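**Q** In order, the protein sequences belong to chains B and Y.
Quick note on our numbering: the first sequence kicks off at 12 and runs consecutively.
Quick note on our numbering: the second sequence kicks off at 14 and runs consecutively.
Rather than coming from a laboratory, the hints here were simulated on the basis of the structure.
Keep in mind the model is a prediction, meaning the values are calculated, not measured.
By construction, the Cβ of each residue, glycine as well, lies at the ideal position given by its N, Cα and C atoms.
It is possible that part of the hints are untrue.
[Said to hold, decoys possible] For lysine to aspartate or glutamate, the following DMTMM-like pairs were computed, each having C-alpha atoms within a straight-line distance of at most 25 Å:
{"id": "1", "chain 1": "B", "residue 1": "Lys88", "chain 2": "B", "residue 2": "Glu29"}
{"id": "2", "chain 1": "B", "residue 1": "Lys659", "chain 2": "B", "residue 2": "Asp618"}
{"id": "3", "chain 1": "B", "residue 1": "Lys175", "chain 2": "Y", "residue 2": "Asp119"}
{"id": "4", "chain 1": "B", "residue 1": "Lys517", "chain 2": "B", "residue 2": "Glu672"}
{"id": "5", "chain 1": "B", "residue 1": "Lys540", "chain 2": "B", "residue 2": "Asp322"}
{"id": "6", "chain 1": "B", "residue 1": "Lys723", "chain 2": "Y", "residue 2": "Asp168"}
{"id": "7", "chain 1": "B", "residue 1": "Lys723", "chain 2": "Y", "residue 2": "Glu144"}
{"id": "8", "chain 1": "B", "residue 1": "Lys517", "chain 2": "B", "residue 2": "Asp727"}
{"id": "9", "chain 1": "B", "residue 1": "Lys763", "chain 2": "B", "residue 2": "Asp727"}
[Unchecked claim] Calculated Cβ distances over 12 Å to all of chain B for the following chain Y residues:
{"id": "10", "residue": "Asp54"}
{"id": "11", "residue": "Gly131"}
{"id": "12", "residue": "Leu135"}
{"id": "13", "residue": "Ser176"}
{"id": "14", "residue": "Gln177"}
The lines below spell out each chain.
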Amino acid sequence: MGRTNPTYRGFLDGYEREFDDYRRALRRRHQADFDRLFDGARAFADAAGYANHLDRDTLVLLSMLLAHEERLREQAKELERLRAAVEAGDGADAATGAGEGRVDSEGSSVVFAVDVTDDAVYVWSRDGPDAVVARDENYTPSLFVAADRRPREWLRDRLDSDPKVVRTATVERRRSLRADGPEPVLRVDVDRPSEVSTLAREIRTVHEPDAWAPGRLRLFNVDLTPKFRYCLETDTRPVPTEPLRTLALSLSERAVADDDLTELRCGGDPLADDETAVLEAVAARLRERDPDVLVLSSAALVPLLAERAADRGVALQLGRRPGYRRLAGDSTYESYGRVGHSPARYDVPGRAVVDRSNSFLWDEGGLAGLLDLVDRSWKPLQETAWASIGSVFTAIQIREAFDRGVLVPWRAWEGEAFKPARTLHDADRGGFTFEPRVGLHEDVVEIDFASLYPAIMCVHNLSPETVRCDCHDTDDVPTLGYSVCDEPGFVPSVLQPIIDDRADLKARMRATDDPDERARLESRASALKWILVTCFGYQGFSNAKFGRIEVHEAINAVARELLLDAKATLETGGWRVLHGIVDSLWVTPARDDREPLSALTNAISRDQGIPLEHEDDFAWVAFVPTADGRRGALTKYFGKVAGRDEYKFRGIECRQRSTPEFVADAQRDLVEALDDHREPEPVADRLSVQLSTLRRGAVDPDALVVRKRVSKPLADYQGRTRTVAALERYADHGIDRAPGQSIRYVVVDNDKRSRARVRLPFEADGYDESFYADLLCRAAESVLSPLGWDRGRIERHLRDTRDARLSSFE
Amino acid sequence: MTQSTTPPLDAGLVFVEQPDRAAMQRLVRGAEREGETLWVDAGGVAETYGLLDEAASRRDLRGIRVARAFQAHQHHQLVRDLVSEASARTALVVAPNLAALYETADGPAAATERLFDGSLTLLADLADALEVPVLVSAPHGTDAHRAAIRERAADVIECRRTSQGYAFETDEFDTTAYWHRGWWQTTIPYWVGLYGAVDGEPAAAETVPATLGEVAVE
């Protein structure tokens, strides 16, 4: 006798088949979920068979539920393990260990590179000397939508059928720094990292217009760079603790344009004379050194090396895996009114690429400075190297915002609050300036407020959410009457550690005897300095993620009062203020019975809570007048440091990047002549000698190269300027110069209007004497004008002495 | 002298065609206001040194409240904020350079166009709801934006700079006299308006002075 009733397993197979159509209609990821449900039902088949229950449907459902219970129990256990790890202090790593195949779930974080692709994220870390990679296939970036309940739920329904969306959830977040508390927002998890911005655009231009007024749906966490986003969202600290191995490759711009690899240098050394040998040498260096960081003179080297190696059949692999990816096309952008150029960027697997031609921070802070900023921002090395200071500062703020559960706005919607025009009149002003007293002054001391603006923000708790807060009605900002909240502000909490750490780095620099250590500390201090310099302007920057114009105004108002108070204290103490601007004052003794300067600066520092530091003692300082000679020009001065053979130049020609080396040297020479004699005539005599050298044609054209920054494409230039002539010459050589990039040329005939007006440095064999004589005379005027000599007076002197010289031959 | 140099402002959306910054300020200063002016600024038109002409004092800024936008989304938000800021005391609303920030905005044009249309609609609705003049301008705006504003506007003030100062023209108003500090510059149409033409038709409605009389006041 066989069995008449089918077995539970047999029943289950049939039962599952009944749902075939249902399953077919599901999206693929839900099909997988469906299959897991039946896996659960099968997992307890023994028990179900044994129960021999009449209602087999219930047995199936009960088994599925039991499988769920089991998974919940496992997850609770894992959660407990993670919590324990977090409490033990290595939170970031424990959390990243959640995904399968991740490294370092126990050890310290050593992640140095993150490659985000649509299929998976590859997280590269160092395990001792070796590089290891972990593959994360479960990562889904999230953007957020804030709106009232109805539009939010409406959008949620629409997005549920969007294949780009993996899941949606209603979660609690703060919409802005000024929000009273968290509120429900929609979290949208996106399948592919590359589709976040597409989806955001669709919500704004396809979904919202169907039913809602513009701006009813507000989008957040949209424009984060992919690697940075990954680290923030998965709590991955991208800060290597092992020293990274670097490899530097450099090639001149001209050679890049000519596809000429023979000039390629590796770590400063030339490699070989022919291309194949160069490529093989690079491949060998890469194998031997196995670098974590590629420091390239330009990112254009990535495709160039890869293509040439393929052509020549050389096995050259830049990354730790084959291939490279182009991340973004080159583009021109405008920032703070200045045109910049951002060239294409490239990813190579397993290595961070630093593009030196496009990394201000590498130049300023080197690897040590960059890593310090990576630690603060969690923006991985490659993205930090590429970023501007403003975007690193923003990244540090974004990380703080993540910690506080505050969303990062896509567009800056928050404008200023309406204020009386009279308040605007008082507020809409910059820093305070004491116009410099034109002339040469002896015995001058420069004193500076250390990191004035960031310090003001910290001391006065100025932050977008504290200034003109809703909870206080106090008069906390001098002259403006704005209230400032007592709650610890967001911006101060970001800035105070930077101020403190920089002071600490400077103290350690003074303490150490080891020059290498000092250089490392200096790099880090310098990177931080730039953040502090930028943070103020950023408060008033229209696209700042967390900026607010009222904070900018409040900082200026406090700074103005502070400088005026300091001036009053110094004057009462017997000193005269020669010049003051923003955070610096130049003072000179006014009375014999004066108080010591250090006593006064200590008192001011104490009163203001911001250190007023001694910057420099000058034997003399000369303040240069404006072009019309009527007033002192701001930040145009030069002087000799007391007790040392050292000069300080600000704003005059020798400090300007466009000034040719010959003119800059000549100007410094004139300043030395001024130091020797403190009279105008000997300086003018020196100029006369320099002019005759120039007119003899005895100057090397290399020393006469003018450097300019291109502000727009060649086709957009109207006039026949020298820049246009130079750009045409670059084009003739097949070198493309985009806005924001530099050009270099020698002027050979300034009267011409064609490209014959200039030559590129490598073409030049002569120069236009009168053009350079004019530059030289202008530089001389800067040196002599503090003594009351203008261009006319200088020329008269030159003529008279020439006549005198001629007459001496008669 | 009862003659005004700026036109009376009627309730509704008023499009001020091609003013420069000072012309917009002149119109606001010239408006007879019993109450508050709300000003949504773009492009620094609410520059306070201009609002205060040389003879005036800080007191002249009384009754004007300003909020500045520096990009499109902020501007649209401020226009929305106007609805809650406005009250029975509101006598005038000003939104210069209405199109400027939308035209330079980042992001897809479709999205910023929606914002611009939304702002324009809100301002027109606000003018009707409050029954106050709402002055808007778009001196550097695209033709399409200016046409959109013109279509919405209840009134248009044409604005020109002459050698004697600003001339404003509406359906019912022409500037016929120009205020200079301490004296008035009049034009032929001014005297024609006062005494009538000698011979039927007045001379061409020139607002740029031809042969002019100067009338000292005080």
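**Q** So, for every hint listed, does it hold in this structure?
**A** So, going through the hints one by one against the coordinates:
Taken as a hint, the B/Lys88 and B/Glu29 pair is broken in the structure, with Cα atoms around 36 Å apart against an allowance of 25 Å. Taken as a hint, the B/Lys659 and B/Asp618 pair is broken in the structure, with Cα atoms around 30 Å apart against an allowance of 25 Å. Simply put, B/Lys175 and Y/Asp119 have alpha-carbon atoms about 24 Å apart, close enough for the 25 Å limit, and the pair holds. A threshold of 25 Å between alpha carbons decides the hint, and for B/Lys517 with B/Glu672 the separation of about 33 Å lies outside it, so the pair is violated.
Proximity of B/Lys540 to B/Asp322 is assessed by CA-CA distance (about 46 Å); at most 25 Å being required, the pair is judged violated. Between B/Lys723 and Y/Asp168 the CA atoms are separated by roughly 41 Å; this puts the pair beyond 25 Å, and the hint is violated. With a CA separation close to 48 Å, the supplied pair B/Lys723 and Y/Glu144 exceeds the 25 Å bound. With a CA separation close to 47 Å, the supplied pair B/Lys517 and B/Asp727 exceeds the 25 Å bound.
Distance hint between B/Lys763 and B/Asp727 is fulfilled; the C-alpha atoms sit about 20 Å from each other, no more than 25 Å. Interface exclusion of Y/Asp54 from chain B breaks down, the closest Cβ pair being 9 Å apart, not more than 12 Å. Not every beta carbon of chain B lies more than 12 Å from that of Y/Gly131, the smallest distance being close to 5 Å; the non-interface claim is violated. Chain B draws Y/Leu135 into its interface by the beta-carbon criterion, the shortest separation being 9 Å against a cut-off of 12 Å.
Once the 12 Å rule is applied to beta carbons, Y/Ser176 is consistent with being away from chain B; the minimum gap is 28 Å. Here Y/Gln177 stays apart from chain B, with its beta-carbon at least about 28 Å from theirs, past the 12 Å limit.
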